[in-house]
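Top to bottom, those sequences are chains A and B. Going by the numbering used here, the first sequence opens with residue 1, and the numbers climb by one from there. Going by the numbering used here, the second sequence opens with residue 1001, and the numbers climb by one from there.
Just so you know, these hints were derived from the structure itself, not from any lab. Idealized CB from N, CA, C, for every residue including glycine. Some hints could be false.
Chain B stretches covered by chain A per the calculated footprint, using a threshold of three residues with CB under 8 Å from any CB of chain A [what the hints assert, rightly or not]:
#1 1153–1160
#2 1190–1198
#3 1238–1247
For lysine-lysine, the following BS3-like pairs were computed, each having C-alpha atoms within a straight-line distance of at most 25 Å [said to hold, decoys possible]:
#4 B:LYS1263 <-> A:LYS49
#5 B:LYS1260 <-> A:LYS31
#6 B:LYS1260 <-> A:LYS44
#7 B:LYS1104 <-> A:LYS4
#8 A:LYS31 <-> A:LYS4
#9 A:LYS104 <-> A:LYS62
#10 B:LYS1076 <-> B:LYS1015
#11 A:LYS104 <-> B:LYS1134
#12 A:LYS131 <-> B:LYS1152
#13 A:LYS49 <-> B:LYS1260
#14 A:LYS44 <-> A:LYS30
#15 A:LYS30 <-> B:LYS1009
#16 A:LYS22 <-> B:LYS1207
#17 A:LYS44 <-> B:LYS1263
#18 B:LYS1152 <-> B:LYS1207
#19 A:LYS131 <-> B:LYS1015
#20 B:LYS1263 <-> A:LYS31
#21 B:LYS1104 <-> B:LYS1150
#22 B:LYS1134 <-> A:LYS131
#23 B:LYS1067 <-> A:LYS30
#24 B:LYS1238 <-> A:LYS131
#25 A:LYS44 <-> A:LYS4
#26 B:LYS1134 <-> A:LYS4
#27 A:LYS49 <-> A:LYS30
Label pairs and their computed distance ranges (CB to CB) [claimed, not checked]:
#28 A:SER96 <-> B:ALA1178: 24 to 34 Å
#29 B:ILE1070 <-> A:ASN99: 48 to 58 Å
#30 A:TYR152 <-> B:ALA1114: 52 to 62 Å
#31 B:SER1227 <-> A:ARG160: 48 to 58 Å
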Amino acid sequence: MKLKNPYEVLGIREGASEDEIKAAYRELVKKYHPDQYQNNPLAKLAEEKLREINEAYDYLMKNASARGNASSGSSRSGNRGSYRSDGSDFFSQVRSHINSGNIKLAEDMLDSAGSRPAAWYYLKGLIFMRKGWYDEAYSHLQRAVNMDPSNYEYRSALNRMNASNNAYRANSFNRGFSRKEPDLCTVCQWLWCADCCCECAGGDLISCC
Amino acid sequence: MFGYIVPEKPEMKIKEYELFRAYYCGVCRSIGRRHGQLKRLALNYDSAFLAVLLSAIAEERVDVQRKRCIAHPLQKRHIICGSSIVDYASDINIILAYYNLEDKQRDEASVVSASALVMLKRAFCRLRKQYRDKCEFIESQLNELLRLEKEKCPSMDMAAEPFARLMEEVTAYEPVCAGSREEILRWIGYNLGKWIYLMDAFDDIEKDIRNGNYNPLVCQFGYENQSVSEFRQQIRDKVEFTLVYSLNEISKAFELLDIKANKGILENIIYMGMLRKTENTLGIRRCSEVEESV
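Please model the entire structure based on the sequences and the hints provided.
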């Protein structure tokens, strides 16, 4: 694969300053961080993208600072999440199928399982998430948390689902999306108020009324 | 169930708006040129979005021309011409419009949809030969949907699956699917389909309750003779969660595409236009709420 222009990868102009590079890098790492793509079918691609970004950043920082403080900011270790064995071989098998992307097999195994402890609901929830069945995923994770409230892993998966929507909304908001946009009647009210104020002060904003 | 994918116009740059409209007009013109003028009535925004998305990653150079059209005879408009992707989007437009009409006709036969079906029939038959695999897949998914409807499927995720898979197939246009793009486009398509289906379901709650038709949300959340607005209020948060989650997945997949053009338009639609549509459909932003806050 041919090397891409590192400036293009980071989305900055050529010859950008060190601070600009760092700022752009930080933004991108946040965007493509493995946490953002956990239990997402495209997780591998996001990882690749992040690797590309890290390479571009390392390259630029090496060249940008001749002073030699080119600390590689890319010590992103594989964020697999702490692996908790559930004390049963069966579920760890299902789990490894999910991790390797073999969703169909994992689902068949779960469906044929006899008992349904919290781990069952948790794994089923992960599978639903991969399939794009978010409502089912949420209720299964919720159930896993209810059955085993002390389990950190279940709880954090549920929290991540909640946080994920907020991240999207924050992004929309930054682009100018706003729920409390004044509609036409509010604007008219403002105009009318402004007109009254002007008239009180002896002037006039809207001459016809 | 079409026309939900719209841009957030006030936040658009003027050049982006012009270009988006050029795609829209391009799809319209392509339908007219290749399938007959009357079929242009089947045009919708979703296929314009498809054209914008696919040509954002294609190598194809777009040719924008200023032309007059029947709908706007007085003013010349920018129109995208001679693009294979715009042609594809217009074909898909006709195909989906035809299936949609067929479905409507099955639910409640009317003179309007019957005559529209007759009008589209010939163009559709030609396209069905051309896109045999895609059409067969679409038909299998629609049959699956019909089966779920008959069974009164009580899960919105399960009910949305066939339509989501259908949109997934449509979005994966082979000529632009090199490398990892196919996977990304498919995930975008899947979530688009899911979003559209559920938006439509929420929109139709009242009508479906009145007519006794199947509605996944009514079945899942167990409607029990309360007032419709009360029911909508009750299920709103749950539905909103899934809808916004789908949009979020679309945005995450979109960020992985190597976009060559149309970035502003797509970001506008994905981050704002569709979110606005979601909130309006769910009735989250009300005039009264705004007034209270002032």
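We went through each hint and held it up to the structure:
1. 1153–1160: holds (count 4)
2. 1190–1198: Answer holds; 3 residues pass the 8 Å Cβ test.
3. 1238–1247: holds (count 7)
4. B:LYS1263 <-> A:LYS49: holds, 18 Å
5. B:LYS1260 <-> A:LYS31: holds, 19 Å
6. B:LYS1260 <-> A:LYS44: holds, 22 Å
7. B:LYS1104 <-> A:LYS4: Since the Cα atoms of B:LYS1104 and A:LYS4 sit roughly 50 Å apart, the hinted pair is violated (cutoff 25 Å).
8. A:LYS31 <-> A:LYS4: holds, 19 Å
9. A:LYS104 <-> A:LYS62: Violated, at roughly 45 Å.
10. B:LYS1076 <-> B:LYS1015: Given pair B:LYS1076, B:LYS1015 holds - Cα atoms ~16 Å apart, limit 25 Å.
11. A:LYS104 <-> B:LYS1134: holds, 23 Å
12. A:LYS131 <-> B:LYS1152: holds, 21 Å
13. A:LYS49 <-> B:LYS1260: holds, 16 Å
14. A:LYS44 <-> A:LYS30: Judged against 25 Å, a Cα distance of about 16 Å means the pair holds.
15. A:LYS30 <-> B:LYS1009: Violated, because 28 Å separates the two Cα atoms, which is more than 25 Å.
16. A:LYS22 <-> B:LYS1207: violated, 54 Å
17. A:LYS44 <-> B:LYS1263: Within the cut-off at roughly 23 Å; holds.
18. B:LYS1152 <-> B:LYS1207: Between B:LYS1152 and B:LYS1207 the Cα gap is close to 16 Å, so the pair holds against 25 Å.
19. A:LYS131 <-> B:LYS1015: violated, 38 Å
20. B:LYS1263 <-> A:LYS31: Holds, because 17 Å separates the two Cα atoms, which is no more than 25 Å.
21. B:LYS1104 <-> B:LYS1150: holds, 15 Å
22. B:LYS1134 <-> A:LYS131: holds, 21 Å
23. B:LYS1067 <-> A:LYS30: violated, 45 Å
24. B:LYS1238 <-> A:LYS131: holds, 18 Å
25. A:LYS44 <-> A:LYS4: The given pair, whose Cα atoms are some 19 Å apart, holds under the 25 Å limit.
26. B:LYS1134 <-> A:LYS4: violated, 35 Å
27. A:LYS49 <-> A:LYS30: holds, 12 Å
28. A:SER96 <-> B:ALA1178: 24 to 34 Å: Holds - the Cβ-Cβ distance for A:SER96 and B:ALA1178, about 31 Å, lies within 24 to 34 Å.
29. B:ILE1070 <-> A:ASN99: 48 to 58 Å: holds, 56 Å
30. A:TYR152 <-> B:ALA1114: 52 to 62 Å: Hint holds: Cβ distance 60 Å, inside 52 to 62 Å.
31. B:SER1227 <-> A:ARG160: 48 to 58 Å: For B:SER1227 and A:ARG160 the Cβ distance comes to about 36 Å; the hint is violated.
Hint check: violations occur at hints 7, 9, 15, 16, 19, 23, 26 and 31; the rest are consistent with the structure.
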